[in-house]
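Undergrad: Heads up: the sequence lines are chains A and B, in that order.
For the first sequence, my numbering assigns the number 12 to the initial residue and increments by one for each residue that follows.
For the second sequence, my numbering assigns the number 12 to the initial residue and increments by one for each residue that follows.
Heads up, a few of these hints could be off.
Straight-line C-alpha distance at most 27 Å; calculated DSSO-like pairs for lysine-lysine [said to hold, decoys possible]:
{"no.": "1", "chain 1": "A", "residue 1": "Lys553", "chain 2": "B", "residue 2": "Lys104"}
{"no.": "2", "chain 1": "B", "residue 1": "Lys553", "chain 2": "A", "residue 2": "Lys104"}
{"no.": "3", "chain 1": "A", "residue 1": "Lys66", "chain 2": "B", "residue 2": "Lys228"}
{"no.": "4", "chain 1": "B", "residue 1": "Lys157", "chain 2": "A", "residue 2": "Lys610"}
{"no.": "5", "chain 1": "B", "residue 1": "Lys157", "chain 2": "A", "residue 2": "Lys228"}
{"no.": "6", "chain 1": "B", "residue 1": "Lys553", "chain 2": "B", "residue 2": "Lys335"}
{"no.": "7", "chain 1": "A", "residue 1": "Lys553", "chain 2": "B", "residue 2": "Lys633"}
{"no.": "8", "chain 1": "B", "residue 1": "Lys390", "chain 2": "A", "residue 2": "Lys157"}
{"no.": "9", "chain 1": "A", "residue 1": "Lys610", "chain 2": "B", "residue 2": "Lys610"}
{"no.": "10", "chain 1": "B", "residue 1": "Lys648", "chain 2": "A", "residue 2": "Lys157"}
{"no.": "11", "chain 1": "B", "residue 1": "Lys195", "chain 2": "A", "residue 2": "Lys195"}
{"no.": "12", "chain 1": "B", "residue 1": "Lys648", "chain 2": "B", "residue 2": "Lys633"}
{"no.": "13", "chain 1": "A", "residue 1": "Lys610", "chain 2": "A", "residue 2": "Lys648"}
{"no.": "14", "chain 1": "A", "residue 1": "Lys648", "chain 2": "A", "residue 2": "Lys668"}
{"no.": "15", "chain 1": "B", "residue 1": "Lys390", "chain 2": "B", "residue 2": "Lys368"}
{"no.": "16", "chain 1": "A", "residue 1": "Lys633", "chain 2": "A", "residue 2": "Lys610"}
{"no.": "17", "chain 1": "A", "residue 1": "Lys335", "chain 2": "A", "residue 2": "Lys365"}
If you are wondering where the hints come from, they were derived from the structure by calculation, not from laboratory data.
It should be emphasised that the depicted structure is a prediction, and the values quoted were computed from it without experimental measurement.
Number of protein chains: 2
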Amino acid sequence: MKLGKFGAALLVAVAALASSASAQNTAGDLPLMPLPAHLVRGQGQFVVDGTFNVKLTGYTSPRLERARARFLATLFRETGIPFPQEAQYQAPKFIVHTGHAGDPVQQLGEDESYHLVVTPSEVDLTAADPLGILHGFQTFLQLVQKTPQGFAAPAVTIDDAPRFPWRGFMMDVSRHFMPIPVVKRNLDAMEAVKLNVFHWHLSDDQGFRAQSLRDPKLTGDGSDGLFYTQQQMRDIVAYARDRGIRVVPEFDMPCHTTSWFVGYPELASGKGPYHIIRHWGVFDAAMNPTNPQVYAFIDGFIGEMTTIFPDQYFHIGGDECNDKEWNANPQIQQFMRAHHLATDAALQAYFTAKVQKIVASHHRIMEGWDEVLQPNTPKDVVIQSWRGLASLTQAAQQGNRGLLSTPYYLNLNHSAADYFLADPLGADATKLTPAEQASILGGEACMWSEYVSPQNIDSRTWPSLAAVAERFWSPANDRDVASMYRRLAVTDTNLAYHNIDTRAEVNGMLRRMSSAQALPAMRTLSSAVQPPRDYHRSSMAKWDVFTPLNRMVDATPPDSAAARRFATDVQQIVAGNATPEIWRDARTQLIRWRDNDAKLQPILSTSSLTADLAPVSANLAKTATIGLQALDALHSKSPLSSATRQQDMEFLQRAAKPQAVVIDVVVPSVETLLQAAPAQ
Amino acid sequence: MKLGKFGAALLVAVAALASSASAQNTAGDLPLMPLPAHLVRGQGQFVVDGTFNVKLTGYTSPRLERARARFLATLFRETGIPFPQEAQYQAPKFIVHTGHAGDPVQQLGEDESYHLVVTPSEVDLTAADPLGILHGFQTFLQLVQKTPQGFAAPAVTIDDAPRFPWRGFMMDVSRHFMPIPVVKRNLDAMEAVKLNVFHWHLSDDQGFRAQSLRDPKLTGDGSDGLFYTQQQMRDIVAYARDRGIRVVPEFDMPCHTTSWFVGYPELASGKGPYHIIRHWGVFDAAMNPTNPQVYAFIDGFIGEMTTIFPDQYFHIGGDECNDKEWNANPQIQQFMRAHHLATDAALQAYFTAKVQKIVASHHRIMEGWDEVLQPNTPKDVVIQSWRGLASLTQAAQQGNRGLLSTPYYLNLNHSAADYFLADPLGADATKLTPAEQASILGGEACMWSEYVSPQNIDSRTWPSLAAVAERFWSPANDRDVASMYRRLAVTDTNLAYHNIDTRAEVNGMLRRMSSAQALPAMRTLSSAVQPPRDYHRSSMAKWDVFTPLNRMVDATPPDSAAARRFATDVQQIVAGNATPEIWRDARTQLIRWRDNDAKLQPILSTSSLTADLAPVSANLAKTATIGLQALDALHSKSPLSSATRQQDMEFLQRAAKPQAVVIDVVVPSVETLLQAAPAQ
């Protein structure tokens with residue numbers, strides 16, 4: 012044991028000499044997500060058994076005690092090993108040392124760093140602030156793996172701290188309401204990947220979700236009864252604080268405000284009456300910036316909300332005013348002339364400036380979307396960019412701090428790689444000075460809820476959100492996509508220990524469409540399709556708040572692992588680098604896709620939720636057949652007839668088009684094969 | 012619409028003429044569980060869409076309003092169709108009529124009947140008592156199926172009422188503590204299958220789980236901190252009442268009481284000190300029946316518990332006294348002589364009689380296990396039989412009411428068919444007079460928790476418990492095992508809408524043992540094995556409260572559908588009745604089992620949780636190979652060499668023995684094949 016410790020100490024010394032890049036490469040072998048800033052492997056491993064116990068030393072608090080209990084409960088779920096109370100009377104195995112208390116309200120930039128040393132005999136977790144301990148616990152949970160000797164964590168020394176201080180996830184609970192258990196399990200998973208801001212988009216045209224005792228008609232008339240009570244919101248704030256997560260509420264204004272006006276039409280610029288909006292888009296409702304009553308209302312309301320949300324930041328939205336109500340209201344037009352407000356943007360700036368003062372009067376720093384940035388916007392206002400890095404760069408140059416969100420819109424169904432590679436300091440931001448770069452606080456992934464319900468939000472959010480979390484936490488040079496996907500797969504599985512089980516959710520959706528017996532065939536079809544990316548879905552059919560989200564487009568995850576693996580195989584084959592295993596793997600996959608149709612067709616017609624998948628399944632079979640022919644031609648170096656190839660290419664072009672609102676993701680790889688195949 | 016209603020009315024008239032047996036046969040085609048008492052199919056179906064709404068008429072109450080909301084929430088999970096509030100302003104689709112209020116505390120024998128009429132245009136649910144409405148809601152949820160026209164319920168007329176008034180499930184939360192979410196989701200699923208008593212086994216040698224403010228050391232010293240607060244228990248009582256479920260608490264005495272004595276050794280017959288028991292078995296600790304302080308304590312404690320548990324019945328346990336402490340205590344021996352208590356049973360009867368008076372003084376009816384039945388036991392005491400029907404029959408003959416539990420011990424891993432076919436009025440009970448039979452109130456399935464943790468209790472309890480629920484609810488002549496299994500499979504899938512997802516639980520356990528990639532191969536192995544039945548597991552190795560329940564024996568369900576299907580195939584083949592599909596099905600299954608080993612062996616050695624499965628997997632491959640040879644011999648009518656056959660039979664006899672604590676369930680069917688194969 013002494014030797015073991017000595018060895019570990021030596022390695023730590025060596026680590027100081029190692030470059031950060033090589034440290035990450037070492038970490039890349041371990042299923043950590045996000046990757047730590049610095050990691051050095053030691054020798055041997057620490058076995059977790061029933062004698063495992065955790066001792067808190069240094070500063071302690073009820074929050075740390077709860078974190079310890081939660082850590083042991085998660086480790087129990089992860090291993091099945093019960094950790095009896097008696098163990099605490101034995102020699103400690105996992106020693107936590109906390110330097111001091113955390114801030115009473117978690118602060119932006121509060122110290123999140125930690126130092127974790129795992130040796131075969133002991134684990135030491137040290138942090139100045141309790142936040143670091145929370146993060147170190149999660150790292151250890153990720154280190155624990157199955158081994159022939161039992162569950163064990165490899166010996167490592169980790170020095171870790173986040174790259175960005177603001178690492179957020181925004182959940183839109185207006186367009187589809189998300190009950191408390193959904194919020195809680197997403198907070199559990201956020202903790203697991205070290206995200207630290209939950210941005211709660213609590214109001215929009217489609218519903219007002221935060222109970223106000225002062226203005227009860229906000230939810231009374233604007234929520235269909237689907238809202239959070241004040242006690243529930245306070246519980247969530249406490250729940251998040253326990254997990255090292257700040258809660259930033261957003262009340263979007265002056266537009267996206269229809270739901271406010273159902274009960275309080277006097278706040279609006281139009282005549283009303285207003286009804287809760289039932290469909291998707293940008294709507295006309297806008298607060299009346301010329302009405303003093305509006306500011307009094309906002310002042311009272313924000314005052315009430317700050318008793319619930321202690322965070323230093325308060326989000327007032329500010330996006331997407333279409334200006335129609337302002338233009339149609341003669342009194343507002345007259346006001347603009349009288350106050351020399353030449354444009355609607357100027358009018359909004361007038362409004363925003365007044366709201367900013369209200370927010371400040373309640374001891375909060377205002378946050379808003381791009382539109383709140385005006386030449387004279389106070390410098391402490393934080394800009395959240397939905398318009399992109401160019402806009403964010405402008406904010407930074409103007410001296411405002413900002414957050415990047417555009418490339419992290421999870422509802423747009425991009426690949427985890429896309430999200431992972433987008434950097435808050437990439438693109439336009441590279442031209443910023445170091446000081447300006449420092450004003451980019453990080454970013455937030457967003458889940459706008461037009462097309463997610465409580466039934467499928469987990470599998471649309473995760474595991475991609477973990478890839479975003481890594482982007483925000485880990486060093487900038489962590490850009491190995493293959494490593495990311497390997498670790499993401501493990502993370503996805505392990506999120507079940509944090510109450511997010513994406514596989515169970517998808518399986519449940521597919522079973523509901525068909526049957527338990529049909530699940531394997533439905534999964535095979537699902538592996539070949541994905542929901543449309545970006546905003547294409549909205550153009551394919553009409554959806555509204557009443558539309559069931561219970562079809563393949565809602566069930567199939569946005570980033571098929573099987574299709575990705577097949578695409579990688581094809582790249583190797585076409586490049587001439589494929590091993591026999593790769594050839595075999597590609598062939599097996601194509602045969603599975605080809606043969607699935609015969610199993611699935613008799614089932615698809617029995618349910619209204621699957622009938623429209625008949626051509627999707629048939630096209631997949633034909634696509635796979637074409638792929639197999641091309642594969643054979645490539646393998647045997649025997650040419651395809653040019654007529655066949657022409658016909659096949661035309662078929663693939665048709666098959667590439669969306670059908671039943673899903674996209675066939677196998678087609679591009681088969682096109683690649685076909686193009687590479689020798690032709691006559 | 013008029014014609015439709017007329018047609019339905021006609022069918023109701025016809026139904027009156029139909030025999031109950033034929034009505035059930037018709038119901039057997041529908042995925043209902045439990046089968047209703049009387050059902051007649053109508054014509055057409057009622058389509059559930061976004062205009063669906065539920066109107067409460069007649070008597071209403073907050074409980075019925077909550078039931079309506081829960082019904083719509085479950086229907087949303089089942090279909091994905093949101094049911095907006097607006098729909099309630101449209102013409103009602105589902106009309107509920109309740110006759111009168113339910114009893115303030117749900118009573119044994121309270122009217123649970125309901126009348127449900129589904130026509131293509133409307134659903135009418137009528138019941139005298141709210142309990143009938145709760146049951147009718149569940150029946151409708153089961154009727155809804157996928158169709159080419161959307162989710163729809165077939166037109167039916169159902170007149171339903173339970174066969175037995177006491178249909179219970181006992182959960183042992185002492186040996187392994189079960190947190191509140193586990194209790195709640197099991198109550199949800201109990202409601203789905205019309206069970207109406209939750210028997211909460213709250214204390215035993217291994218832990219005291221109910222907080223007492225009066226006697227705080229019960230949980231303070233006897234629970235390891237794992238207990239329910241009074242508020243949590245009150246919440247569970249209210250939660251259960253909402254679901255038509257009575258909560259009967261059990262505090263086992265005078266034995267199984269070690270956990271009481273950790274804090275209160277003065278109640279014991281032995282000297283102490285006592286420590287929480289950490290392993291399984293029957294232990295010596297026993298209350299001192301000669302100590303007046305014991306009765307004062309019990310009186311105070313039961314008085315406190317009756318403020319939490321309003322049910323008319325109170326369970327005092329009374330089982331398995333081993334008498335050692337009584338025999339070893341001279342003061343007790345002297346007391347027995349002085350009071351002419353010749354045997355330990357007489358001493359326990361003395362104790363029980365005093366406790367019965369205490370229970371009665373708190374306005375409760377005492378319930379106990381077999382042992383509490385003595386010649387002079389008051390006639391209102393309810394006997395729960397763990398000893399079996401003979402014992403229960405004796406109670407009935409003595410004029411006591413009783414419940415059957417023996418054949419429904421879910422922890423003994425019997426098949427659902429075993430549980431389903433065991434009848435509370437079967438075997439010895441058939442000789443009872445009708446009046447005596449009426450004193451058998453029903454039964455309770457029991458889940459003793461030596462080998463279940465919160466991580467696997469759902470998949471050990473369900474779906475088998477649904478088969479028990481059908482036995483307790485449906486007519487006695489409902490004994491079609493094939494129909495039961497068909498409906499059980501659907502019930503299992505649909506329980507996910509009631510928060511019990513057995514498949515996700517099993518998959519999670521198997522993934523934890525290996526990996527997500529290995530899951531298919533692990534599932535194939537799992538499909539060929541089961542945990543030992545009855546009490547055999549305890550003899551195979553040492554287990555205690557600290558032993559992780561994270562291996563194959565804990566993951567694999569007790570009743571493999573694949574093995575059952577294969578066994579049915581083999582029966583048909585051997586009987587000469589097999590269709591080509593059956594031959595193919597059996598062959599495909601054998602090939603899957605045979606070929607699995609090659610995939611699995613490299614994985615098994617990588618984890619300490621799977622290493623011991625290597626011979627299990629290898630034996631399965633060899634068993635399947637033998638099965639394939641026998642199948643070929645049978646199919647081609649070409650004989651096997653007798654030497655081969657002899658060798659194979661010897662191998663199968665070895666393979667039938669437990670290995671890695673699991674039983675190969677394929678062996679018996681392969682033996683059958685081998686015996687039937689022609690030999691030289």
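Undergrad: Next step is simple, just say for each hint if it's right about the structure.
TA: Evaluation of the provided hints:
Pair hint A:Lys553 plus B:Lys104 holds up; C-alpha atoms about 26 Å apart against a cutoff of 27 Å. With a CA separation close to 26 Å, the supplied pair B:Lys553 and A:Lys104 stays within the 27 Å bound. For the suggested pair A:Lys66 and B:Lys228, the alpha carbons sit about 25 Å apart, so the restraint of at most 27 Å is met. Only pairs whose Cα atoms come within 27 Å are accepted, and B:Lys157 paired with A:Lys610 is accepted, the gap being roughly 18 Å.
Distance check on the hinted pair: B:Lys157 and A:Lys228 sit about 39 Å apart at the alpha-carbon level, beyond 27 Å; violated. The straight-line distance between the Cα atoms of B:Lys553 and B:Lys335 is roughly 24 Å, inside the 27 Å bound, and the hint therefore holds. Taking the CA atoms of A:Lys553 and B:Lys633, the gap is near 57 Å; set against the 27 Å cutoff, the hint is violated. Restraint check for B:Lys390 and A:Lys157: the C-alpha separation of about 57 Å exceeds 27 Å, so the hint is violated.
Of the pairs offered as hints, the one joining A:Lys610 and B:Lys610 holds, with about 24 Å between alpha carbons and a cut-off of 27 Å not exceeded. The suggested pairing of B:Lys648 with A:Lys157 is violated, with an alpha-carbon distance near 48 Å, which exceeds 27 Å. A hinted pair counts as satisfied when its Cα atoms are at most 27 Å apart, and B:Lys195 with A:Lys195 qualifies at roughly 17 Å. In summary, the hint linking B:Lys648 to B:Lys633 is supported, as the alpha carbons are separated by about 22 Å, within the 27 Å threshold.
Taken as a hint, the A:Lys610 and A:Lys648 pair is broken in the structure, with Cα atoms around 32 Å apart against an allowance of 27 Å. Between A:Lys648 and A:Lys668 the alpha-carbon distance is near 30 Å, which puts this suggested pair outside the 27 Å criterion. With a CA separation close to 13 Å, the supplied pair B:Lys390 and B:Lys368 stays within the 27 Å bound. Distance hint between A:Lys633 and A:Lys610 is fulfilled; the C-alpha atoms sit about 15 Å from each other, no more than 27 Å.
Restraint check: the Cα-Cα separation between A:Lys335 and A:Lys365 comes to about 21 Å, which is no more than 27 Å; the hinted pair holds.
Violated hints, listed in ascending order, are 5, 7, 8, 10, 13, 14; each of the other numbered hints is respected by the structure.
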